[in-house]
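K.L.:
What follows is each chain in one-letter form.
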Amino acid sequence: MKRSSWTDYQKEIADNDYYYARSCIRQNFFPGSEKVFLSILGKDLGRNIYDDPLHTSCTGIGYHSDVVPLETIMTVVARQFALMNEAGYENFTSSCITSFGIYTELLATWEEFPEMLDKTRENLYKATGREFKIPKNLAHTSDVIFHHREEIAQKAKRKLVNAYTGEPLRVVEHIGCHYAKIFPKKGVGGSEFPYVLAGMVESWGGEIVDYPERRHCCGFGFRNYLVQANRGYSIANSHKKLESMAPQKPDFIVCNCPGCSMFLDKWQYTIAEMEGTTYGQNGQGIPVLTYEEMAGLILGYDPWADLGMQMHQVDVEPLLDKLGIEYDPAAKYLGRNGKYIGKPEAALINGCSEDRLYKINR
Amino acid sequence: MEDVRMKEGLSACMNCGVCTAVCPAAAFYNYDPRQIVSIVQTRDDEAIEELLKSEEIWYCGECMSCRPRCPRGNTPGYVIQALRTLSQKLGYFVESEKGRQQLALKRTVGDNILRTGYCLVPTAIKPELHPEQGTVWRWIFDHDQEIYPQYSEAYNKSGSGALRRTSDETLEELRRIFDITGGTEMFDSIERFSDQKAKQMGYEGADEEYFLDVYTRNSNEHY
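Those protein sequences? They're chains P and B, same order as listed.
Per this note's numbering, the first sequence starts with residue 1, numbered consecutively.
Per this note's numbering, the second sequence starts with residue 1, numbered consecutively.
Simulated from the structure, these hints should not be mistaken for laboratory data.
Treat the hints with care, since some could be wrong.
[Unchecked claim] In silico lysine-lysine, DSS-like type, Cα no more than 30 Å apart, as pairs:
#, chain 1, residue 1, chain 2, residue 2
1, P, 240, B, 126
2, P, 43, P, 126
3, P, 322, P, 157
4, P, 11, P, 155
5, P, 322, P, 343
6, B, 126, P, 119
7, P, 332, B, 89
8, P, 43, P, 249
9, P, 126, P, 249
10, P, 119, P, 159
11, P, 136, P, 185
12, P, 136, B, 89
13, B, 157, P, 11
14, P, 126, P, 11
15, B, 157, B, 199
16, P, 343, B, 53
17, P, 126, B, 89
18, B, 157, P, 43
19, P, 343, B, 199
20, P, 332, P, 157
21, B, 53, P, 332
22, B, 7, B, 126
23, B, 53, P, 339
24, B, 53, P, 126
25, B, 157, P, 126
26, P, 343, P, 133
27, P, 119, B, 89
28, B, 7, P, 185
29, B, 199, P, 339
30, P, 249, P, 339
31, P, 133, B, 7
32, B, 89, B, 157
33, P, 157, P, 185
[What the hints assert, rightly or not] If you anchor each label on the Cβ, the simulated ranges turn out as follows:
#, chain 1, residue 1, chain 2, residue 2, range
34, B, 2, P, 131, 53 to 61 Å
35, P, 115, B, 192, 28 to 36 Å
36, P, 4, B, 212, 26 to 34 Å
37, P, 155, B, 158, 27 to 35 Å
38, P, 336, B, 69, 44 to 52 Å
39, B, 158, P, 46, 51 to 59 Å
40, P, 243, B, 69, 20 to 28 Å
In this text, a Cβ means the ideal position worked out from N, Cα and C, and glycines have one as well.
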């Protein structure tokens with residue numbers, strides 16, 4: 001397969017004036033990533049982006065758990081588009097892969113079944129008195145970073161290079177199923193030739209490592225994580241990926257989807273507690289980053305105060321050291337105004353000795 | 001079945017099984033999406049009714065890995081979504097262990113949406129129900145008022161930012177959308193059928209005990 005196959009799957013990405021829709025999962029687990037994304041766009045790149053207090057969840061997790069009907073999510077999405085129109089924007093960018101998949105699915109459904117678009121317009125007007133236009137451009141927030149990757153490279157304070165050896169850092173990327181498996185032409189590189197994150201890594205000096213289960217799901221599986229009885233499905237699929245990537249000795253994993261970022265981080269903790277297995281080169285875990293964190297680190301944002309990377313279960317310090325980033329270890333677990341609020345209990349994934357383990361399988 | 005996902009998702013399946021080969025659910029459960037599509041394609045009402053009452057239709061994780069690989073352009077994941085919707089409308093979901101879990105999903109994700117405007121909020125991710133979230137999540141959960149405001153001045157307040165409080169007016173718009181489009185009816189139907197089933201099973205109704213049982217029970221007969 002040609003290395004350039006990804007170029008068959010390109011998409012138009014607006015250059016400026018974005019309406020920003022937050023993600024339920026990203027704002028819960030990676031609020032620093034959303035904050036820094038807006039800062040990169042606004043301050044570093046000088047682009048205009050609107051953070052609207054009126055939009056809601058797209059209800060996508062409910063839709064893919066089958067408790068929210070298709071007609072309902074269509075109308076909630078239509079409301080988001082109406083809010084975008086009312087704010088004077090045409091370019092919609094979503095911080096969530098589940099949402100992005102839903103937006104692409106619904107836009108295609110409305111095109112294929114125009115009667116459903118008419119019904120959605122009627123439902124939205126009845127429920128809210130609002131009307132909407134189809135966005136001129138739809139992009140995931142990683143598409144927006146990908147679009148500006150060379151400009152970010154020019155402004156970067158460091159590269160994705162090992163400060164000790166001078167070698168490119170070895171990076172595993174994971175684009176998330178709903179980015180391109182639903183509509184491959186709507187994602188950079190499609191689902192088979194993932195390039196949205198790989199393009200960032202290459203432009204910023206790192207090296208992408210391939211591995212057999214690269215395209216496999218992280219294991220979220222909606223109801224298969226959300227209901228406690230089903231979580232074996234979720235951890236088993238993350239386990240499959242981690243086992244497959246570990247021999248490549250990646251320096252870190254970068255994810256497109258906030259859910260995947262969280263699962264590949266948290267399931268490493270659980271696997272370590274259950275089996276004593278860790279996948280990192282240092283006997284700890286493999287750090288899992290969002291693409292906003294990856295961009296933020298090379299642009300010089302602080303890992304704790306700006307990016308909130310202390311909210312990860314797998315420690316990121318080994319990666320910060322490799323990048324040659326200076327940080328204050330004592331500042332990691334502080335509350336507001338520098339208040340000390342205690343720190344998390346150590347776990348095996350963080351290098352805690354096995355006799356202190358909190359055994360979740362007991 | 002009128003569901004557009006059925007029209008989009010299934011046209012002349014040739015039973016090649018690529019969907020099963022790439023399926024994360026098939027790797028974990030005794031599950032074969034090829035067979036489900038095959039049954040639906042027969043249009044045999046009796047067999048389809050059996051499917052709607054089965055465990056099998058609840059195994060899929062809706063990752064849609066089947067969609068780009070199908071040589072016929074079908075989407076077994078869409079077919080599953082349509083079957084699950086019908087199973088809930090007809091009340092058949094309560095006839096299986098995995099189907100009964102829809103009550104837990106409605107009471108967590110579903111109720112969160114109408115209560116907060118989000119599918120999840122930090123205070124609802126209780127460490128005792130989420131041991132896999134680890135020690136750092138417990139620290140965040142215990143100190144949310146100290147941590148989140150560092151990244152969002154609007155945490156639990158009005159204004160722009162992560163986890164801002166959704167206004168009453170916006171929540172009211174969401175509720176009206178749910179009322180008009182069948183969302184409220186779906187929630188009510190999940191509650192009603194679950195309550196009936198819970199009583200049949202010897203519970204007082206679809207109470208907290210029943211909720212916790214469907215949320216945690218795994219017969220381990222799915223593999």
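K.L.:
Starting from the hint list further up, note which numbers the structure goes against and sort them upward.
P.N.:
2, 6, 7, 8, 9, 10, 12, 13, 14, 15, 16, 19, 21, 22, 23, 24, 26, 29, 30, 32, 33, 34, 36, 39
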